[in-house]
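Just remember that the numbering used here sits 31 ahead of the position in the sequence shown, which is counted from 1.
Check before you lean on any hint, since a few could be wrong.
Stated by the list, open to error - Ranges of calculated distance between the beta carbons of each label pair, as one might list FRET restraints:
{"id": "1", "residue 1": "W277", "residue 2": "P209", "range": "23 to 31 Å"}
{"id": "2", "residue 1": "Q57", "residue 2": "H319", "range": "29 to 37 Å"}
{"id": "3", "residue 1": "E230", "residue 2": "G260", "range": "46 to 54 Å"}
{"id": "4", "residue 1": "E163", "residue 2": "D75", "range": "18 to 26 Å"}
{"id": "5", "residue 1": "P198", "residue 2": "R92", "range": "50 to 58 Å"}
{"id": "6", "residue 1": "A270", "residue 2": "R108", "range": "23 to 31 Å"}
{"id": "7", "residue 1": "G260", "residue 2": "L150", "range": "24 to 32 Å"}
{"id": "8", "residue 1": "E327", "residue 2": "P229", "range": "12 to 20 Å"}
{"id": "9", "residue 1": "R133", "residue 2": "A325", "range": "16 to 24 Å"}
{"id": "10", "residue 1": "R92", "residue 2": "W277", "range": "17 to 25 Å"}
Please keep in mind that the hints were generated in silico from the structure rather than gathered at the bench. In this text the structure is predicted, and so the values were computed from the model without any measurement. Glycine residues also receive a C-beta, built at the ideal position from the N, C-alpha and C atoms.
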Amino acid sequence: MRVLVCGASGCVGRAVARALRSRGHQVVEGTRAPADGRATLPIDFMEPTAPAVWAHRLADRQVDAVVNCVGILMPARGQSFARVHTEGPAELFRGAATAGVRRVVQVSALGVGHDPDSLATPYLHSKLLAEEALAALPIDGVVVRPSLVYGPGSRSAALFATLASLPVVSLPGRGTQPLAPIHVYELAEAIVRLVERPEPLRGVLELGGGEVVNCRTMLSRYREALGLGDAVWLPVPMALMAFGAWLAEAAPQRVFCRDTLRLLARGNVPAVNATAGLLGREPSTLAHGLAITAPEPMVDLRVALSPVVAWALRLSLAVMWLGAAFASVLLHRDAAATALLVLLGASALNTVVGLLILSRPSPGHGSPTGRRHR
Numbered sequence: 032m033r034v035l036v037c038g039a040s041g042c043v044g045r046a047v048a049r050a051l052r053s054r055g056h057q058v059v060e061g062t063r064a065p066a067d068g069r070a071t072l073p074i075d076f077m078e079p080t081a082p083a084v085w086a087h088r089l090a091d092r093q094v095d096a097v098v099n100c101v102g103i104l105m106p107a108r109g110q111s112f113a114r115v116h117t118e119g120p121a122e123l124f125r126g127a128a129t130a131g132v133r134r135v136v137q138v139s140a141l142g143v144g145h146d147p148d149s150l151a152t153p154y155l156h157s158k159l160l161a162e163e164a165l166a167a168l169p170i171d172g173v174v175v176r177p178s179l180v181y182g183p184g185s186r187s188a189a190l191f192a193t194l195a196s197l198p199v200v201s202l203p204g205r206g207t208q209p210l211a212p213i214h215v216y217e218l219a220e221a222i223v224r225l226v227e228r229p230e231p232l233r234g235v236l237e238l239g240g241g242e243v244v245n246c247r248t249m250l251s252r253y254r255e256a257l258g259l260g261d262a263v264w265l266p267v268p269m270a271l272m273a274f275g276a277w278l279a280e281a282a283p284q285r286v287f288c289r290d291t292l293r294l295l296a297r298g299n300v301p302a303v304n305a306t307a308g309l310l311g312r313e314p315s316t317l318a319h320g321l322a323i324t325a326p327e328p329m330v331d332l333r334v335a336l337s338p339v340v341a342w343a344l345r346l347s348l349a350v351m352w353l354g355a356a357f358a359s360v361l362l363h364r365d366a367a368a369t370a371l372l373v374l375l376g377a378s379a380l381n382t383v384v385g386l387l388i389l390s391r392p393s394p395g396h397g398s399p400t401g402r403r404h405r
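Between the sequences and the hints, there should be enough to build the whole structure, so can you do that?
Given below as structure tokens:
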């Protein structure tokens, strides 16, 4: 089968293209910047393209199926939700129907719907309009709405990994929002199974991972995968988080904004999780997925030290604390009764801290740096 993958340079599109090739399909990569040495089709949904032009392009490349993975989390200069999520895909879908393409798979987002909260969220509303455009056409079209996607190339996963790596981790509210993160490899596998289905297929499928976790547990899983110990958890009122998201929209990043915070705040769990039915097995838990592909923070704050340097630093800290304890004992001779108790208490505390530094194993399976070695 010859499949056009729109957004083939993105996190989901790249995984879908690889999964298709691994099962013997031919892939036409739809990207804004053509790749050398591979079958490509220039796609820029910001540029209006008549459905007849799309029909000609698809027929010329003998495309059997289309998978649209194009998406943005935030509008940017030269990009809008209206064109990227709605109008551009609708033009492509109409062209695919004219060209006789057998199937279209539209990658949408969990949370899309007709409820007031969804309609008030520009990101979700633009995705909904694309779904409706596909459903109105005489073509075999199916929509997948994945929960939070993590894995190689996921910008949201990189953001969560960065937040989780901090010694003080900020939580939206109390961090109780339910989530069902799905690994990008399993999302890609599920999409390929839909492309391959021989029977007619239409409708909407919600996809999630193998477990439901809250936001705090998710960040804890990221810390464990990074080889870090426990953190100080700081609940942040949602109003303050929203103000921070508003400020972040002016920063040179395209992940954290008020829309993504709204998505997180409302939870992200499928009403009916169709992933297991598509895969023929239960999807991976978050902990297992992060063990297979390690999280990649935007900014890695960990420091890799050789065992010799790490133990030398540990020994120097222990000597400092034990030395302070010894000094406290020497000073007690001339101290008053109250001061003597304080000095002896400080000496005992310093001794305990020094011994703990020497004896306590580092997190990360015994790695002296606190970082896992793979």
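Taking each numbered hint in turn, which are not upheld by the structure, reported in ascending numerical order? 7, 8, 9 and 10
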